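Model the full structure from these sequences, guided by the hints.
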Amino acid sequence: MIKISALFLFASVYLYGAGFWNLSGLQKANVYIQNEVNYLHANTTKSIKIKMLKMLKNASIMTNQQDSPTLMLSLKELENDETHYIYIKLALGEEVQTFREDKAKAFALTYDANDFIEVDSDELDSEILESVDFLLSQFVEQFEDDRE
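When you line the sequence shown up against my numbering, it's residues 816 to 963, in that order.
Some hints could be false.
[Said to hold, decoys possible] SDA-like, lysine to any residue: derived pairs with alpha carbons at most 25 Å apart: (1) Lys866 to Asn895; (2) Lys861 to Ile932; (3) Lys843 to Leu855; (4) Lys872 to Asp961.
Everything labelled a hint here was simulated from the structure, so no lab data went into it. Quick caveat: nothing in here was measured; it's all calculated off a predicted structure.
Next comes the structure, spelled out in structure tokens:
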């Protein structure tokens, strides 16, 4: 019985395009960047923040609002000589209320997407920006799908 239920859930998600994450009702968000890439230029980090804020504004999501969900971009690096392995994560964290009997409030990730790139030092900044563009476009697509 469990196998049939799991198969039905998988088929429903696949056929109807539903995803695990839901961004419906998102009206405001603050931006946070966690950078653990040693050789990333400061201007690149600023560009990422500008891209994130612009994307939110274009999606009619208010920014810099008190008590807002946080759209976080995390950059982590594994370095090996001239090659960098970069893990990039875009996540939305917010306070939610559970369906438990006590209706407990908890902090939860309500969106999560990631990318992993291998890049040489001379292309580090440009490849990270390309990956960020990819993740932000996925976020916007999910947001627009959930608005419909």
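Verification of the supplied hints:
1. Lys866 to Asn895: 29 Å, violated
2. Lys861 to Ile932: 20 Å, holds
3. Lys843 to Leu855: 28 Å, violated
4. Lys872 to Asp961: Distance of about 17 Å is within 25 Å: holds.
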